[in-house]
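Chains as they are written, first to last, in the numbering used here: chain E, 1 to 311; chain P, 1 to 311.
Just so you know, the hints here were simulated from the structure itself, not pulled from any lab data.
Possibly wrong hints are sitting among the right ones.
Stated by the list, open to error - Pulled from the structure, derived: some chain E residues nowhere near chain P, Cβ distances all over 12 Å:
{"hint": "1", "residue": "L27"}
{"hint": "2", "residue": "K28"}
{"hint": "3", "residue": "G198"}
{"hint": "4", "residue": "D242"}
{"hint": "5", "residue": "P249"}
{"hint": "6", "residue": "L290"}
As the list claims (entries may be wrong) - Where chain E lies over chain P, by a calculated footprint (3+ residues, C-beta under 8 Å):
{"hint": "7", "stretch": "139-147"}
{"hint": "8", "stretch": "162-176"}
{"hint": "9", "stretch": "234-245"}
{"hint": "10", "stretch": "275-281"}
Stated by the list, open to error - Reference excerpt, derived from the structure (chain E facing chain P, CB under 10 Å, subset only):
{"hint": "11", "residue": "N144"}
{"hint": "12", "residue": "L148"}
{"hint": "13", "residue": "A151"}
{"hint": "14", "residue": "A196"}
{"hint": "15", "residue": "Y282"}
{"hint": "16", "residue": "D285"}
No residue lacks a Cβ here, since even glycine has one placed at the ideal position from N, Cα and C.
Protein chains: 2
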Amino acid sequence: MTTYIAVDIGGTRMRAASYSADSLTPLKIDRIKTRKVGSPPEERLIKLLGRIWPEADPVAAIGMTAPGPLDPTTGILVKAPNIPEWIDFPLADYVNQHFHVPVLLGNDANLAALGEWKFGAGRGHHHLLYLTISTGIGSGVIVNDSLLVGAHGYAAELGHITVLPDGPICNCGQRGHLEAIASGTAIANWVKTEIARGIPSSLTVIEELSAQTIAEAAQQGDQLAQEAFQRAGTYLGQAIADFLTVFNPTIVVLGGGVSLSYDLFSESLQSAMRQHAFDENYLDDLTITLAELGDDAGLMGALALARDGHC
Amino acid sequence: MTTYIAVDIGGTRMRAASYSADSLTPLKIDRIKTRKVGSPPEERLIKLLGRIWPEADPVAAIGMTAPGPLDPTTGILVKAPNIPEWIDFPLADYVNQHFHVPVLLGNDANLAALGEWKFGAGRGHHHLLYLTISTGIGSGVIVNDSLLVGAHGYAAELGHITVLPDGPICNCGQRGHLEAIASGTAIANWVKTEIARGIPSSLTVIEELSAQTIAEAAQQGDQLAQEAFQRAGTYLGQAIADFLTVFNPTIVVLGGGVSLSYDLFSESLQSAMRQHAFDENYLDDLTITLAELGDDAGLMGALALARDGHC
Chain E
1 MTTYIAVDIG
11 GTRMRAASYS
21 ADSLTPLKID
31 RIKTRKVGSP
41 PEERLIKLLG
51 RIWPEADPVA
61 AIGMTAPGPL
71 DPTTGILVKA
81 PNIPEWIDFP
91 LADYVNQHFH
101 VPVLLGNDAN
111 LAALGEWKFG
121 AGRGHHHLLY
131 LTISTGIGSG
141 VIVNDSLLVG
151 AHGYAAELGH
161 ITVLPDGPIC
171 NCGQRGHLEA
181 IASGTAIANW
191 VKTEIARGIP
201 SSLTVIEELS
211 AQTIAEAAQQ
221 GDQLAQEAFQ
231 RAGTYLGQAI
241 ADFLTVFNPT
251 IVVLGGGVSL
261 SYDLFSESLQ
271 SAMRQHAFDE
281 NYLDDLTITL
291 AELGDDAGLM
301 GALALARDGH
311 C
Chain P
1 MTTYIAVDIG
11 GTRMRAASYS
21 ADSLTPLKID
31 RIKTRKVGSP
41 PEERLIKLLG
51 RIWPEADPVA
61 AIGMTAPGPL
71 DPTTGILVKA
81 PNIPEWIDFP
91 LADYVNQHFH
101 VPVLLGNDAN
111 LAALGEWKFG
121 AGRGHHHLLY
131 LTISTGIGSG
141 VIVNDSLLVG
151 AHGYAAELGH
161 ITVLPDGPIC
171 NCGQRGHLEA
181 IASGTAIANW
191 VKTEIARGIP
201 SSLTVIEELS
211 AQTIAEAAQQ
221 GDQLAQEAFQ
231 RAGTYLGQAI
241 ADFLTVFNPT
251 IVVLGGGVSL
261 SYDLFSESLQ
271 SAMRQHAFDE
281 NYLDDLTITL
291 AELGDDAGLM
301 GALALARDGH
311 C
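Excised from the complex, chain E in its bound form (with noise of 0.2 Å):
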């Protein structure tokens, strides 16, 4: 039985897991830590596939998803935020040198894109936008039925597209994208602001303020809490906007841990959309709604990647 292999590499750790070719259920599956002194990350990377290789069947492909901009064509990683080991690292040819076996490396927001519409909430939608929220903003889209990468795989990286000239600075440097408004990151920022200015809460008394900490406030009724929701979904509206007049898409996919509060900013998610909507037009027969693969949407597109033999 020929099998596929999904490789899930994350700054913290990295997962992987067999299959067969056509089952979502895996064979084997293991992780690892990403990072142990005197063990460099692609040595144990191997040591974890080596974990879940099928002991008799052939392996037809190996499909990977890693952070940060790679170039899918040469399956060269630029660089991995977490894992500072990898500069410029052939993490595909060093791979494919070990197990003489196809090795196609998928960056993580595009992979998970890959996945939600392959297996998931996307599922037979031609023209898909994948946004996923939580620390910083990724995404992935896909475009009459094929992953956007561009001529470096650099493409498709719209939490980076600007929506306040004059907003805050985002973690990429560049002023006012949209992670630096609408991430969560950006939510806990703007409350921790508001809160400086005297703005009475009831989370002045949290001392680590995050999204999800500002979510529970928010549900229990804290209206700088519930403000902070509102206005990020006021930017995503009015960013997905933008996106429709760009890919005219026919769903939006939104995943990511703030996408779990959802109902704290839908309102105005949808309410600025369609107010900045440049026609009625992109809207007809628009679809949103949120991801279902949760933390295997990687994973999934990592196995698609290697199904399909291509982004």
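Given the coordinates of chain E, assemble chain P onto it according to the supplied hints.
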């Protein structure tokens, strides 16, 4: 000899030409006014096609470009800005019923992008961004050797992306779109406002201000006129930086009347683009260049559409 027919429908004029399978030199070419009292535009189109129809050779397909939102999958023209007779008009079907050959329809800026990619400044690239800057700003995008059209053909309307949320009102009614800040109309509007504010300029004596008269004044050293183009270039550069983040193209092709004055805004465009680029990776092998096909871009795109049989 199999022939292909290309049609470029504009608000003022329609052009049609017939071609062999392997040449860009038309076998026959003609034009007609789009509108005339007592003569519906669709009948005029049929008349024009009759004039250039090959006497003996079979026609394999007709490619047509038209302004305004249209659905290339159904061949329905939603509305054409200067052809009020056509609302939700089944243009492709109408022509097919007269000539009984496949008829393919594409948006004018999209097909101009296709033309520049197949036969003009973008030859050989796989990921291309085309902006035509004239009265408005139109655009077309080639993603992995295919035209981006989206679910219903409304994608890639990059002139209607918000670049300045509190900026001027756009023709479409929304605020701060690229078209409202950097089109020829926007350049003229800004100069008018500055003159009304009392800013000195040689243009104060010009009655009908347009991007062209402002360009002439700029070439002769008028400071306000020069500033108007530099300002437009800055916003174009900022917007293009975002489009690189979205599409990761290897070439940006600039067309339209305003692009003929590129020397007046190339520096500000490139400077703003570099300043706002999400990462230097996006600039590595990027070419910014002027369109080559001029007013023939749409017709050439329609020919490409006819020959390839799809967008």
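The hints, checked one at a time:
no., hint, in the structure
1, L27, "33 Å, holds"
2, K28, "34 Å, holds"
3, G198, "27 Å, holds"
4, D242, "5 Å, violated"
5, P249, "6 Å, violated"
6, L290, "20 Å, holds"
7, 139-147, "holds (count 3)"
8, 162-176, "holds (count 6)"
9, 234-245, "holds (count 4)"
10, 275-281, "holds (count 4)"
11, N144, "7 Å, holds"
12, L148, "6 Å, holds"
13, A151, "4 Å, holds"
14, A196, "25 Å, violated"
15, Y282, "6 Å, holds"
16, D285, "8 Å, holds"
Hint compliance for this structure: hints 4, 5, 14 are not met, and every other hint is.
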